[in-house]
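Colleague: Line order of the protein sequences matches chains A and B.
Going by numbering that gives the first Met the number 0, the first residue of the first sequence is number 0, and it counts up by one from there.
Going by numbering that gives the first Met the number 0, the first residue of the second sequence is number 0, and it counts up by one from there.
Possibly wrong hints are sitting among the right ones.
As the list claims (entries may be wrong) - Here are the computed lysine-lysine pairs in the DSS-like style, where the Cα-Cα straight-line distance is at most 30 angstroms:
#1 B:295 to B:316
#2 A:3 to B:15
#3 B:82 to B:15
#4 A:83 to A:125
#5 A:3 to B:82
#6 B:278 to B:470
Source of the hints: derived by calculation from the structure; they are not laboratory data.
Because the structure is a prediction, the values reported are computed rather than measured.
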Amino acid sequence: MGWKIAFSLILLPGLVGLTQLVSYSNRPGQVGQSIPQLLPCSLSGDEPFRSADQTTVLIFYHPHCPCTRATIRCMERMIASFAKEPTIVAYAFVPTGKTEGWIESETTDKLRAFGNVSIVADHDAKACQQFDVATSGHLLVYNDAKLSFSGGITPSRGHEGNCDSGLAFLRSVNGVSTRRIEWPVFGCAIVERSEGA
Amino acid sequence: MQNPAGVTATNDLFQKRYEHECLWVHRFMTWIMIGQWALGLAFAAFLSPLTWIGQRNEVHFHVWAALLIGLSLSGFAILWMRKFPREAFTRHVIAVIQMLWSALLIHLSGGRIETHFHVFASLAILSIYRDWRILISATVVVALDHFVRGVFYPLSVFGILTESPYRWIEHAAWVLFEVSFLAPGCYRLRKEVWELCVRQTEIEFSKRSVDQQVAERTKELSEAYDLLAQKTAETEKLSLVARYTDNAVIITHADATIEWVNEGFTRITGYEADEVVGKRCADFLHGPQTDPKVCKIMRDAIANQTGINVQTVNYRKNSEPYWVDIEVRPIQDADGIVRRFIAIEADATERVRQEQEKVRLNQELLDASRQAGMAEIATGVLHNVGNILNSVNVSVSVIRNQYSKSAMANLEKVSTLIAEHEDTFPEFVSSDQRGMKIPAYVQRVTQALSGERQTIDCELTDLVKNIEHMKEIVAAQQSMASSSEMIQELDLRSLIEDALAANKASLMNHDITISLDLEEADKMIVTDKHRFLQIVINLIKNAKDSLVEHEISDPQIMIRAIRNNDSNTISVIDNGIGISGENLQRIFQHGYTTKTNGHGFGLHSSANTAGEMGGQLTAFSDGPGCGARFDLKLPIVQKEELSVNKFELAV
Numbered sequence: 000m001g002w003k004i005a006f007s008l009i010l011l012p013g014l015v016g017l018t019q020l021v022s023y024s025n026r027p028g029q030v031g032q033s034i035p036q037l038l039p040c041s042l043s044g045d046e047p048f049r050s051a052d053q054t055t056v057l058i059f060y061h062p063h064c065p066c067t068r069a070t071i072r073c074m075e076r077m078i079a080s081f082a083k084e085p086t087i088v089a090y091a092f093v094p095t096g097k098t099e100g101w102i103e104s105e106t107t108d109k110l111r112a113f114g115n116v117s118i119v120a121d122h123d124a125k126a127c128q129q130f131d132v133a134t135s136g137h138l139l140v141y142n143d144a145k146l147s148f149s150g151g152i153t154p155s156r157g158h159e160g161n162c163d164s165g166l167a168f169l170r171s172v173n174g175v176s177t178r179r180i181e182w183p184v185f186g187c188a189i190v191e192r193s194e195g196a
Numbered sequence: 000m001q002n003p004a005g006v007t008a009t010n011d012l013f014q015k016r017y018e019h020e021c022l023w024v025h026r027f028m029t030w031i032m033i034g035q036w037a038l039g040l041a042f043a044a045f046l047s048p049l050t051w052i053g054q055r056n057e058v059h060f061h062v063w064a065a066l067l068i069g070l071s072l073s074g075f076a077i078l079w080m081r082k083f084p085r086e087a088f089t090r091h092v093i094a095v096i097q098m099l100w101s102a103l104l105i106h107l108s109g110g111r112i113e114t115h116f117h118v119f120a121s122l123a124i125l126s127i128y129r130d131w132r133i134l135i136s137a138t139v140v141v142a143l144d145h146f147v148r149g150v151f152y153p154l155s156v157f158g159i160l161t162e163s164p165y166r167w168i169e170h171a172a173w174v175l176f177e178v179s180f181l182a183p184g185c186y187r188l189r190k191e192v193w194e195l196c197v198r199q200t201e202i203e204f205s206k207r208s209v210d211q212q213v214a215e216r217t218k219e220l221s222e223a224y225d226l227l228a229q230k231t232a233e234t235e236k237l238s239l240v241a242r243y244t245d246n247a248v249i250i251t252h253a254d255a256t257i258e259w260v261n262e263g264f265t266r267i268t269g270y271e272a273d274e275v276v277g278k279r280c281a282d283f284l285h286g287p288q289t290d291p292k293v294c295k296i297m298r299d300a301i302a303n304q305t306g307i308n309v310q311t312v313n314y315r316k317n318s319e320p321y322w323v324d325i326e327v328r329p330i331q332d333a334d335g336i337v338r339r340f341i342a343i344e345a346d347a348t349e350r351v352r353q354e355q356e357k358v359r360l361n362q363e364l365l366d367a368s369r370q371a372g373m374a375e376i377a378t379g380v381l382h383n384v385g386n387i388l389n390s391v392n393v394s395v396s397v398i399r400n401q402y403s404k405s406a407m408a409n410l411e412k413v414s415t416l417i418a419e420h421e422d423t424f425p426e427f428v429s430s431d432q433r434g435m436k437i438p439a440y441v442q443r444v445t446q447a448l449s450g451e452r453q454t455i456d457c458e459l460t461d462l463v464k465n466i467e468h469m470k471e472i473v474a475a476q477q478s479m480a481s482s483s484e485m486i487q488e489l490d491l492r493s494l495i496e497d498a499l500a501a502n503k504a505s506l507m508n509h510d511i512t513i514s515l516d517l518e519e520a521d522k523m524i525v526t527d528k529h530r531f532l533q534i535v536i537n538l539i540k541n542a543k544d545s546l547v548e549h550e551i552s553d554p555q556i557m558i559r560a561i562r563n564n565d566s567n568t569i570s571v572i573d574n575g576i577g578i579s580g581e582n583l584q585r586i587f588q589h590g591y592t593t594k595t596n597g598h599g600f601g602l603h604s605s606a607n608t609a610g611e612m613g614g615q616l617t618a619f620s621d622g623p624g625c626g627a628r629f630d631l632k633l634p635i636v637q638k639e640e641l642s643v644n645k646f647e648l649a650v
């Protein structure tokens, strides 16, 4: 009888932990309710977007968020499937008091490696606030300046792989309309809830 | 095709070998579990050490997950393998844990495609167990993991699907695809091991059979060797016996010609072996004193090929005759044909001489015993006759006294007086003073003579009885010597009175008071009259002697008879000097007496006679001065038994 209790006590934390891990992985980050449906002409303090009639992909990320690495890997695989090269702007969060060097990370390096990605230091998360984005890995797709996709492209937090949201993103970038625009985002919070509100 | 024993042995061997294999895989899996834990920690530490919330960070959940969940899974698996190393379900537990580890590592690695290979690698590792069933368990875990994590959980929590609803099936199908190859492989490997076990079992059985045959042959050889050694030892012993025995051992052919003789033969007969080989014993050992009958018996035995034991006289080389015991036995070969005779001859000269001497001594002893017996019988006869002769003497003395004092002398005086006056007898009777007294005198003398005649008649009667008794004693002793008895039914009182009569004179002379108490006994008893009288007369005489020798003032002898259950006891009781305790122990011994002129034979003889009658004679006394009592206990013999005995005697 004693060994049954002992085995139960040993296994129970593992099963509970796995449950919590699944719950943690599938818990999406905050998604703003006032995401601009139309692409703004310019971002305050930054240069204007090149062409509003092109497909524009905005990536908001926390440079040090390990979960966003899955988003980048998912996107890395999708780029080859883009029908035409979109305008990709990645807003790297820079907290107050930090220099732009803070954005240097593996995620930033990966994005740079894409070649056609503009890395923009998002000091104090101004861009995030402008687009009402709060979670790292949140992507916005504007086709002809119109919002066609909002959300993450990973199946769960920090978990790369094919998923419906990723497929919807790819379709959106390729100009295929999708019924659903908003998808959950899985990643670290770029700003704390009080800040993002 | 194996027999049931072979199948069982194969099963046992397979089970043993498979369990041994599983134990090895368990040890391997233990290190796998430890390595996976380390790998998980490394994944968490390098890939997702921190989680960020703005500019603030915390230890990432993956780090804790790698530490605690990994510890839990690996620890559980390791302990389970140690607790249940041989059970089949342990392998399923390991499969489930391994798949959970795959899920955990995929999580910790951010769902990298490369990490998914862990699932397939794990399946390959699990296939080392060669148990395809655990692959099914692993597949089920993978499918459930993907279903719950990718489909069920988001749908149940958020109401939306973040992943394709069929993706988990795809994952599970790929896993199943691999399992579909691994499982037959496991089955084949398992079957190969089984075949190996079958072969090994067959080899072991064959080896065991060979070993058993070798062991049996070895045992048989060993037994044969032991038997040979035993026979050799026996042969050596027999050789020693034949060589050193004092007996002569002769081995002859079937026609009785000598083949071999031992040294004992030479010692007994004086002939050397080379002198007798090829000859017959009868040609040189027999002589004038050799019994021809024995010679014929031996010839017949040789002719009939049978064994004999005879004793005869043989002759040594120096012509000296000697007695010999000969034992001849035919020796048969394996076919039952007599090929040889073996004769053992023992020199019996000394033994025969001793036997002859023994016979002579026995004869002498018998003669001496006979003479002693005759002497004893004569002693008994004389003793009993002597007792009677006492009475005879008394009677004769009485008669002699009677004659010496007889009135016959007076009658002669009267006769002389009458003769003197024969002519004048009438005047003499009528006128003479003396003649006138004659008639009265003659009358008195006649009366006296009449009394004397009665006395003498009485004594003569006793005398005749005593003489008759002596004759009967002699006859009884003769009959005793010839072991015959004269049992008859007798009146007890009459017997006692006869016994008293035999001692009457001496009893009367010494004024001994006699009393009888015979009422409590049987009136008639069945016994040997003369043996009874011999004993009782002896007891009365002894009682009288005891009273007389010690001059008892009021001498009394009481004769009492009582009946017990199965016997009558006749007691002779006196108030004489009595018997000391020490003498009571020895009083029936031959030659023991307390009388001045005794011989120590009477009581000894009486006790023996009582025993011969089936009774017992015992003595009692409270000590010197207290008198003595002798009890003659006689068994009650019924008249019917007497008749039967007589009939048997007649037959």
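Colleague: Hints first: check each against the structure and report whether it holds.
Modeller: Each hint, compared with the structure:
no., hint, in the structure
1, B:295 to B:316, "22 angstroms, holds"
2, A:3 to B:15, "27 angstroms, holds"
3, B:82 to B:15, "18 angstroms, holds"
4, A:83 to A:125, "29 angstroms, holds"
5, A:3 to B:82, "11 angstroms, holds"
6, B:278 to B:470, "74 angstroms, violated"
Checked against the numbered hints above, the structure violates only hint 6.
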